[in-house]
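**Student:** Produce the entire structure from the sequences given, and follow the hints as far as they go.
2 protein chains.
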Amino acid sequence: MAGSAYDTDLDRNAANYTALSPLSLIRRAAAVYPDKPAVIHGDRRFTWAETYARSRRLASALSRRGIGKNDTVAVMAANVPALYEAHFGLPMAGAVLNAINTRLDAATIAFILDHGEARALLVDREFSGVAKQALALAKTRPLVVDIDDADIGDGEFLGEMEYEAFLGTGDPEFAWSPPDDEWNAIALNYTSGTTGNPKGVVYHHRGAYLLAIGNILTWNLPPHPTYLWTLPMFHCNGWCFPWTLAAVAGTSVCLRRVTAAGIFQAIHERGVSHFCGAPIVLNLAINAKPEERGPALPRTVEVMTAAAPPPAAVLQRMEQQGFHVTHVYGLTEVYGPATVCAWHEEWSLLPIEDQARLKSRQGVGYAVLEDLMVADPATLAPVPRDGATMGEVFMRGNTVMKGYFRNPKATDEAFAGGWFHTGDLGVMHPDGYIELKDRSKDIVISGGENISTIEIESTLYRHPAILEAAVVARPDEKWGETPCAFVTLKDGATASAAELIAFCRDNMAHFKCPRTVVFGPLPKTSTGKVRKYVLRERAIHL
Amino acid sequence: MAGSAYDTDLDRNAANYTALSPLSLIRRAAAVYPDKPAVIHGDRRFTWAETYARSRRLASALSRRGIGKNDTVAVMAANVPALYEAHFGLPMAGAVLNAINTRLDAATIAFILDHGEARALLVDREFSGVAKQALALAKTRPLVVDIDDADIGDGEFLGEMEYEAFLGTGDPEFAWSPPDDEWNAIALNYTSGTTGNPKGVVYHHRGAYLLAIGNILTWNLPPHPTYLWTLPMFHCNGWCFPWTLAAVAGTSVCLRRVTAAGIFQAIHERGVSHFCGAPIVLNLAINAKPEERGPALPRTVEVMTAAAPPPAAVLQRMEQQGFHVTHVYGLTEVYGPATVCAWHEEWSLLPIEDQARLKSRQGVGYAVLEDLMVADPATLAPVPRDGATMGEVFMRGNTVMKGYFRNPKATDEAFAGGWFHTGDLGVMHPDGYIELKDRSKDIVISGGENISTIEIESTLYRHPAILEAAVVARPDEKWGETPCAFVTLKDGATASAAELIAFCRDNMAHFKCPRTVVFGPLPKTSTGKVRKYVLRERAIHL
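Going down the list, the sequences are from chains D and W.
Under the numbering used here, the final residue of the first sequence carries the number 542; numbering is consecutive throughout.
Under the numbering used here, the final residue of the second sequence carries the number 542; numbering is consecutive throughout.
Keep in mind the hints are simulated off the structure, nothing from the lab.
All copies of an identical chain are treated as equivalent in the list; a pair is satisfied when it fits inside any one copy or across any two copies.
Derived pair list, reagent style DMTMM-like, types lysine to aspartate or glutamate, alpha-carbon separation capped at 25 Å: (1) Lys409 x Asp7; (2) Lys36 x Asp386; (3) Lys36 x Glu164; (4) Lys69 x Asp7; (5) Lys524 x Glu481; (6) Lys289 x Asp151; (7) Lys132 x Glu162; (8) Lys36 x Asp431; (9) Lys36 x Asp371; (10) Lys478 x Asp506; (11) Lys139 x Asp7; (12) Lys69 x Asp371; (13) Lys490 x Asp506; (14) Lys409 x Asp9; (15) Lys36 x Glu345; (16) Lys524 x Asp491.
Remember, predicted model here, so these are calculated numbers, not experimental data.
**Tutor:** As structure tokens, then:
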């Protein structure tokens, strides 16, 4: 209704409109809490004033090299201060942060550097070997800056300058500007697809700001938490937590290598109050040896977990050991976490097994996610809220990616019908909570029945000898497919295939039980997800 | 840089963009916590599912009367469920909520109805007398709906229908749409100017959403707080707390009349954990009689206060009695609170008087406010951070109003130079915290020296006999102006003018001390601000 008095002489101006951007959060942290610790890494310790100044130096140094708006800057690093600072310094220059998974092979990294058109690469000396190969394979010729670090053993220097020297070329008072549009790109994250080339997911300032705030709302994050970096920052920008921590002026405790001893040491010696991690990290914690663990936890430690639905047994053991687990779920395309199993206080009165069952659900949308549904992928008709009918999980809202970089076809497919297609399958419970039943490709269809591999895994985890379990479909002449379980036993524990199958038959419908059990370590991605496609290959050839 | 791959094929679409609006917050509260209490008023109790359904009924009923996008709907009501629901139901219909201060005179209300072009008026029966006069004076002929309530004594019915019957004409499943633009108006709030006609401040969905979230960040608001409505909802939309409470699925406890007994009863019987209020409300609490107070507080009660800087003595007594005070500052033009005296934990180790002095500062910008400065009003040059140089307080960001309704001249003046001019005077401390020294018009200029009336008031509050104090300028032939104090003594306390002046001379620079002291009750606005212009008039004629 143009012409309304509410739309007349009431336009945006410099006083009443600013682009939403996480950059405003670090400026405020540095202004209000300049002396509070922002980043701790071994003996190094930076306050918010220092982290802000270092980020401005980085922005300035890049600008002086002609790197600016919409230029991609790749970073290959462990969870070290340089990568944290890149989350601010790069966008202050207008550049786009492309944090690369450090465990990828050289050919994939070369593909990413070329596809992302990287103008610069900051590379942690720990990864200079693979980076060197990747640079040799890549067509692009980025400016290379090495990140040196006291806790790296050795590793070649590849670039013309070390990171600290590069910062030295920048101005700590650099007059950065907020983005001229909150839709501007802030980060580029390549998905670790199981087939084909990875796709580059583009985040914008608006979404990064909103998810940074959404994490606070979801986790009820207090001011000044001490946060341990168990989750790689290259994974969905650490679920946007670098920006979240600026919003609450929290302290980032870096951790180059995630070990049980390292986690417990950080809790005891650094005062860690919060960390995030895939179930593999939870497993590390609950299976820690007494000498790794040390004394009882000095306080409840808040843990946010995602990646794959944590088995009820794992959740239960975490809580018994003094961790409080918040279960979230998301994907690279939605900036990391997008749903949370929002807790109802009355659930805390239930038996702990029921609590664990409720908590293993993926739950409801983040407050900043507009909408979430489980629906028929063809018609987009929502499934009934019966906790049984399978459908695909769909999302929409401001924390859904801008799209795939230089890939309009994939973008259009992902957004077909006005919803983001997650590719994950689940059910909708009567209370509006979703529960994943499987990634699309992981489902086992046996004798016409859909079988959730997650359900089988959850059952296996309840067996006392099981450390880890992953189930995939194995081709079968009679049934089409049958479930095949790959399991790792705990140190010193023993169990036979027959025993585990019998245990499953005692605890779930017989048609769902694994027909095959294979023992041994599980292949995993760098973020702790089991590489099920590797297991599917193995299952074919059993 | 058009043509960048980051700006190509990566547009907004239904999957990845939604207008920011507080309406998304109530939808989520009703979906995730349908059975939790949303609003309690006497014996009436509505869950989030019910409040959502009632809001949809309201939207539907208005729509069926042809009231929709950009139509103003005025509400004159105490803090009752209908006004809470109006914060959601009106914008669901696309309408703009104009909550009117219930203590205004009929002529001013008539002006507001006409200037705001109200299409409907919901009126609480308590205020039907003045509303009837206003309607007689106004040119506009709105649809009138009466709000009846068990706790209203009497009062004429003015409209064609009572509110509950009106809701009955609406559909609880009404398919409302989010705003097509987050810049759309959501509320219209008239300032209670001291001279001339009130100005209509327009809020938009984006700002309302961000301040609703900003309140959570600022107050570290946990999920499901129980919030007592001591602050009028017609005051800057209750500082956006109706929307904040939807975001945290909290419970609103209504309170028609703010009394000490009512506050303590709600704390003891309703489990109230949080409330907001002007210093007058804090005064009520700390000066409550034992029989009003009841037993010791069952828990720390969080109090957010603003309006005028609370004297250190009041803050100190609140904390001693078990209230934890958060000090914010703002204006109608910035959706309510815009700054907060963000606390540093090390300050808690200081003597309580020092803590109170630090806490009486207005502090730093809300996380959602982009920028804040104290500057020369002519040049916009920031004052030095010396805690002494006076300047005007300026703000900018997304929680600054859209502008003044049908008043482009006032809008342009308010936003001159790309900053919102608050009209308030203050200093910037070396740590970046602002402290108000006076509203522009309240300053006393005596012998060429600027004297802060707030400083004098703070001193007076430290005298044991003082209940309330307000200082204004009194014209003086020799000095230009001298400070004139109006004071109210506590029940049973006595003090002479000479004694109070001597007390001031013992505690502050002599040139700043009041030359005149007048005893008696202070004239106040409906929101508890002292009407200093009335006192200035009186001071002239002393």
